[in-house]
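Participant: Given the structure of chain A, go ahead and fit chain B onto it with the hints provided.
There are 2 protein chains.
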Amino acid sequence: MINVNFLVFDDFESLDLFGVVEIFGRLTNIYTLNYYSMKGGLVKSSQNAEMMTQPIAHLTNEDILIIPGGKGTRKLVKDSEWIKKLKHLSLSASNVLTICTGAALLAKTGLLNDKKATSNKRAFDWVKSVNKSVFWQEKARWVGSGKYYTSSGVSAGMDMALGFIADQHGRKTAEKIAFDIEYVWNDDPNNDLFIS
Amino acid sequence: MINVNFLVFDDFESLDLFGVVEIFGRLTNIYTLNYYSMKGGLVKSSQNAEMMTQPIAHLTNEDILIIPGGKGTRKLVKDSEWIKKLKHLSLSASNVLTICTGAALLAKTGLLNDKKATSNKRAFDWVKSVNKSVFWQEKARWVGSGKYYTSSGVSAGMDMALGFIADQHGRKTAEKIAFDIEYVWNDDPNNDLFIS
Numbered sequence: 001m002i003n004v005n006f007l008v009f010d011d012f013e014s015l016d017l018f019g020v021v022e023i024f025g026r027l028t029n030i031y032t033l034n035y036y037s038m039k040g041g042l043v044k045s046s047q048n049a050e051m052m053t054q055p056i057a058h059l060t061n062e063d064i065l066i067i068p069g070g071k072g073t074r075k076l077v078k079d080s081e082w083i084k085k086l087k088h089l090s091l092s093a094s095n096v097l098t099i100c101t102g103a104a105l106l107a108k109t110g111l112l113n114d115k116k117a118t119s120n121k122r123a124f125d126w127v128k129s130v131n132k133s134v135f136w137q138e139k140a141r142w143v144g145s146g147k148y149y150t151s152s153g154v155s156a157g158m159d160m161a162l163g164f165i166a167d168q169h170g171r172k173t174a175e176k177i178a179f180d181i182e183y184v185w186n187d188d189p190n191n192d193l194f195i196s
Numbered sequence: 001m002i003n004v005n006f007l008v009f010d011d012f013e014s015l016d017l018f019g020v021v022e023i024f025g026r027l028t029n030i031y032t033l034n035y036y037s038m039k040g041g042l043v044k045s046s047q048n049a050e051m052m053t054q055p056i057a058h059l060t061n062e063d064i065l066i067i068p069g070g071k072g073t074r075k076l077v078k079d080s081e082w083i084k085k086l087k088h089l090s091l092s093a094s095n096v097l098t099i100c101t102g103a104a105l106l107a108k109t110g111l112l113n114d115k116k117a118t119s120n121k122r123a124f125d126w127v128k129s130v131n132k133s134v135f136w137q138e139k140a141r142w143v144g145s146g147k148y149y150t151s152s153g154v155s156a157g158m159d160m161a162l163g164f165i166a167d168q169h170g171r172k173t174a175e176k177i178a179f180d181i182e183y184v185w186n187d188d189p190n191n192d193l194f195i196s
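For the protein sequence lines, the chains are A and B, in the order given.
Take 1 as the starting number for the first sequence in full-length UniProt numbering and just add one per residue.
Take 1 as the starting number for the second sequence in full-length UniProt numbering and just add one per residue.
For reference, chain A alone in the conformation it holds in the complex (with noise of 0.2 Å):
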């Protein structure tokens, strides 16, 4: 089995969070869920939802980590303490996957520099000023780049999720997540209906 593990703090986004949960939840021969937060406990999203976490201290796989964003980031960018624990967990994981400004949180580490990333479009001002030396790309639902992918704002994940599960295990599968959870996937990542 394969860990997924999500990493949360407060104020994240709800839906950045639970559409990618869905989609991995859904290959439960392959993948197992964890939920982590830096200290563990209850974390609370933006949209007053508080789920229980681990502590990151207890995270010993070196799996999927996955990053949502939300109103939280715009503190987190400034937290050196966890900017620095997100590097040490990012460069040992097999791959990292970000949704809407969770982007900024990567981009921080340094680890998506010189490399194509994007972000929310309604947030991309703010992201590209966190660290000008990644090639964010504008118009892109989302980007893969080798073990790193971002997406776009928040249901963009889903797409994400889908394409990651596309690329690893083959485009049927992903076609067949979406259709079990009735999703119409927006399965092209250079096709952006939300750039300003």
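Honestly, the hints are just simulated from the structure, not real lab data.
Computed from a predicted structure; not experimentally measured.
Just so you know, even glycine gets a beta-carbon here, dropped at the ideal spot from N, CA and C.
The reader is advised that the hints may include incorrect statements.
Stated by the list, open to error - Pairwise CB distance ranges (calculated): (1) A:Thr60 <-> B:Gly146: 48 to 56 Å; (2) A:Ser129 <-> B:Lys147: 40 to 48 Å; (3) A:Lys176 <-> B:Met1: 37 to 45 Å; (4) A:Lys78 <-> B:Gln168: 37 to 45 Å; (5) A:Glu81 <-> B:Gln168: 40 to 48 Å; (6) B:His169 <-> A:Ser94: 43 to 51 Å; (7) A:Asn191 <-> B:Arg171: 21 to 29 Å; (8) A:Leu42 <-> B:Lys78: 29 to 37 Å; (9) A:Asn191 <-> B:His169: 24 to 32 Å; (10) A:Val184 <-> B:Thr32: 27 to 35 Å.
Stated by the list, open to error - Below, computed lysine-lysine pairings styled on BS3-like, alpha-carbon distance capped at 25 Å: (11) B:Lys71 <-> A:Lys176; (12) B:Lys39 <-> A:Lys44; (13) A:Lys176 <-> B:Lys139; (14) A:Lys84 <-> A:Lys116; (15) B:Lys176 <-> A:Lys71; (16) A:Lys176 <-> B:Lys128; (17) A:Lys87 <-> A:Lys71; (18) A:Lys128 <-> B:Lys176; (19) A:Lys147 <-> A:Lys84; (20) A:Lys39 <-> B:Lys44; (21) B:Lys44 <-> A:Lys44; (22) B:Lys176 <-> A:Lys139; (23) B:Lys39 <-> B:Lys78; (24) B:Lys78 <-> B:Lys128.
Facilitator: Structure of chain B alone, referenced to chain A:
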């Protein structure tokens, strides 16, 4: 402020809930989001996510009630005490919205009798078997019948929630939310791409 009361249970489907959460959560000047379960405390989704809830004994307002679907519904339709409480809550709510197999729970109360409703097309035969006095609509993304709204599977909940917002606050408000969360709204309730 209008309360949006999400009623969850063990083995609910994550995206059934959080897709709709995301949409109501965008109108922070109109809606307050609350999470309930029968007894309160931690409730675990089918995707291994544990969330904190209040007991329904604390639910005293008569605003909007939202019921997700998921594997847990199979057990709950047989729990007459749970269904009785759901009926009580639904009668007093201003609106009741169900996602996916959440429609089976509402149907079991009898409140959908002689009304049009829909549900997940992957579980449609089972849902229909729960109550044959409902006018089940096979080809529908979602259905609004007076104060009751029912949606098709999982991600269809987002389309229904946007449709509900459009009915309540106008189409432009719904379109702005979809744009802000970079979601391609399937805005025609009669266009169902997922019938068998």
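Participant: For each hint, tell me whether it holds in the structure or not.
Facilitator: Right, here's what the structure says about each hint:
no., hint, verdict
1, A:Thr60 <-> B:Gly146: 48 to 56 Å, "holds (53 Å)"
2, A:Ser129 <-> B:Lys147: 40 to 48 Å, "holds (46 Å)"
3, A:Lys176 <-> B:Met1: 37 to 45 Å, "holds (41 Å)"
4, A:Lys78 <-> B:Gln168: 37 to 45 Å, "holds (39 Å)"
5, A:Glu81 <-> B:Gln168: 40 to 48 Å, "holds (44 Å)"
6, B:His169 <-> A:Ser94: 43 to 51 Å, "holds (44 Å)"
7, A:Asn191 <-> B:Arg171: 21 to 29 Å, "holds (24 Å)"
8, A:Leu42 <-> B:Lys78: 29 to 37 Å, "holds (32 Å)"
9, A:Asn191 <-> B:His169: 24 to 32 Å, "holds (29 Å)"
10, A:Val184 <-> B:Thr32: 27 to 35 Å, "holds (30 Å)"
11, B:Lys71 <-> A:Lys176, "holds (19 Å)"
12, B:Lys39 <-> A:Lys44, "holds (20 Å)"
13, A:Lys176 <-> B:Lys139, "holds (20 Å)"
14, A:Lys84 <-> A:Lys116, "holds (21 Å)"
15, B:Lys176 <-> A:Lys71, "holds (19 Å)"
16, A:Lys176 <-> B:Lys128, "holds (24 Å)"
17, A:Lys87 <-> A:Lys71, "holds (20 Å)"
18, A:Lys128 <-> B:Lys176, "holds (24 Å)"
19, A:Lys147 <-> A:Lys84, "holds (19 Å)"
20, A:Lys39 <-> B:Lys44, "holds (20 Å)"
21, B:Lys44 <-> A:Lys44, "holds (16 Å)"
22, B:Lys176 <-> A:Lys139, "holds (20 Å)"
23, B:Lys39 <-> B:Lys78, "holds (18 Å)"
24, B:Lys78 <-> B:Lys128, "holds (15 Å)"
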